[in-house]
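Whenever a hint applies, use it, and build me the whole structure from the sequences.
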Amino acid sequence: MIRFSKSRIPMGRDKRLEVDELTLDSGEFWVIAGPGGSGKSSMARAISGAPDKSGYHTPISGLLRTDPHDNKEGGAWISFDMEREIRDSLRHNDDSEVLGRPDEGTTLESFLGGSAGKLFLHPELLEKLEGRGIKHLSTGEFRQVFIAREAGKKPALAVLDEPFEGLDIKARERLTEQLAEWSESETLIVLTVNRMEDIPPYASGLVLLGDDRIAAQGIPSEILESPLIKEIFGNTSNFREKRIIPPPPEAVVFEGKSLIEMKRVSLSFNGRRILENVNWVVQPGESWLLTGPNGQGKTTLLNLISGEEPRGYGQDLKLFGRKRGSGESTSEIKKYIGQVSASLQDSVSRHATPGEVIGSGLRDSLLLTIPLDGFETGLVEQWLELLGLKKNRQTAFYRLPYGERRLAMIGRAMIKHPPLLLLDEPMHGLDKSSRDRMRYLIDSLIRETQTTVLFVSHRSEDAPDSITRTIRLTPSDGSGPSGAEITQDSLNPL
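The numbering used here applies: residue 1 is where the sequence shown begins, and numbers increase by one.
Since the hints were derived computationally from the structure, they do not count as laboratory data. Owing to the predicted nature of the structure, the values given are computational and were not obtained by experimental measurement. Errors might be hidden in some of the hints.
[Said to hold, decoys possible] Restricting the straight-line Cα-Cα distance to at most 30 Å, the calculated cross-link-like pairs of lysine-lysine (BS3-like) are: (1) K154 / K128; (2) K135 / K53; (3) K323 / K335; (4) K318 / K335; (5) K135 / K334; (6) K318 / K263; (7) K170 / K154; (8) K135 / K154; (9) K230 / K432; (10) K153 / K128; (11) K257 / K153; (12) K6 / K391.
Here's what the structure looks like:
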């Protein structure tokens with residue numbers, strides 16, 4: 001049992017989440033919901049007993065528990081940050097140079113630790129991933145495997161922070177089934193969500209956060225039908241009337257005919273084909289939704305474009321009018337690109353402020369090695385205001401809620417109005433209000449500038465209205481490498 005009584009949970013700089021009374025018992029399934037920055041992850045972390053973002057176990061007054069870490073069955077804490085730590089550790093232990101070939105590293109079977117974890121992994125996914133190295137899985141694939149491993153341990157407590165983010169439709173359905181099976185055990189399960197539609201129908205309790213406190217708790221269906229939902233999450237109707245995109249300090253212009261030209265692009269790793277015969281041309285002024293199942297190469301395709309994927313050399317690939325590998329430097333490519341991705345976000349200095357992160361987009365670097373001038377500083381201020389980040393302007397990046405880190409990265413990518421904007425799952429960790437705001441800002445950038453947008457998402461409803469083309473990576477044989485299926489119909493008719 002876990003009980004909060006007159007508790008105050010640290011949420012960052014001088015902020016506390018007040019929890020008057022809340023009791024969670026074994027076998028229950030609780031969901032924590034609320035707008036961005038309301039304390040969902042902080043509360044989930046407190047329930048799990050995991051250390052805070054500084055690595056310390058901060059005592060929380062009024063919190064009583066039978067600590068799952070003292071229980072022989074242990075406790076599970078599943079979050080973006082925890083996944084990143086595990087994946088970074090797996091990538092660090094690489095013996096490719098010693099072996100003289102790519103090192104697959106820890107295999108699926110070894111990571112799952114036996115048959116118990118396999119039982120919680122969908123048979124179709126198990127067959128697809130069998131024998132694969134864990135460090136080479138996509139973000140969505142790894143999340144499903146990680147959850148299966150923790151479920152197989154039969155913990156007394158499992159806390160999952162935004163588990164549905166980044167999963168394709170089929171994977172979300174699988175996870176819903178997986179959690180339903182898990183909920184039949186004695187495990188106390190707690191998960192956080194940014195999207196109300198992600199609340200499983202079998203959840204026994206809902207905690208709704210707002211104004212640094214619990215606004216409501218109880219039966220999910222009753223709370224979801226109450227006026228509190230609209231009151232807490234608000235709307236962005238006034239946002240559209242007042243906001244405009246700040247101008248860039250100096251427009252970066254590409255005057256060629258095609259931004260990207262791919263002809264029969266194929267890519268393999270360790271004998272496994274990732275992309276196969278992808279043909280794609282992107283012209284200035286076009287905007288695309290890039291979609292497809294987890295593990296089909298979407299991020300790899302974007303990395304080929306950004307220059308982060310070295311296997312682009314030798315491919316029939318032209319970027320900004322130049323063949324890849326013809327002597328262009330990475331800095332020449334990045335001059336034309338603004339980018340949001342999980343790997344880029346993970347590379348940001350822990351102690352950078354949101355303003356420093358946004359301003360670094362003007363230097364095509366993750367560090368502000370050259371100070372900003374007065375006009376550039378003013379631009380950063382406008383973006384902080386536009387993104388709702390002014391209140392946390394002095395907060396270290398690693399202490400920000402995940403969604404606010406994402407917002408800072410979006411501002412960094414957009415501030416210079418690049419000819420090409422690569423957005424890899426930009427809506428990760430954002431609540432409805434922030435997603436609506438981002439759709440509007442990206443729409444405005446597309447309509448008011450010459451920026452071309454490539455937008456990766458598993459949820460078509462997240463795509464801005466101005467995106468009218470789609471490229472879908474699909475398995476060539478139902479399970480193998482990805483080919484490209486291209487359409488140019490409007491995704492979201494106005």
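**OP:** Quick one: which hint numbers does this structure break? Sort them smallest to largest.
**Re:** As far as the earlier hints go, only 11 is violated by this structure.
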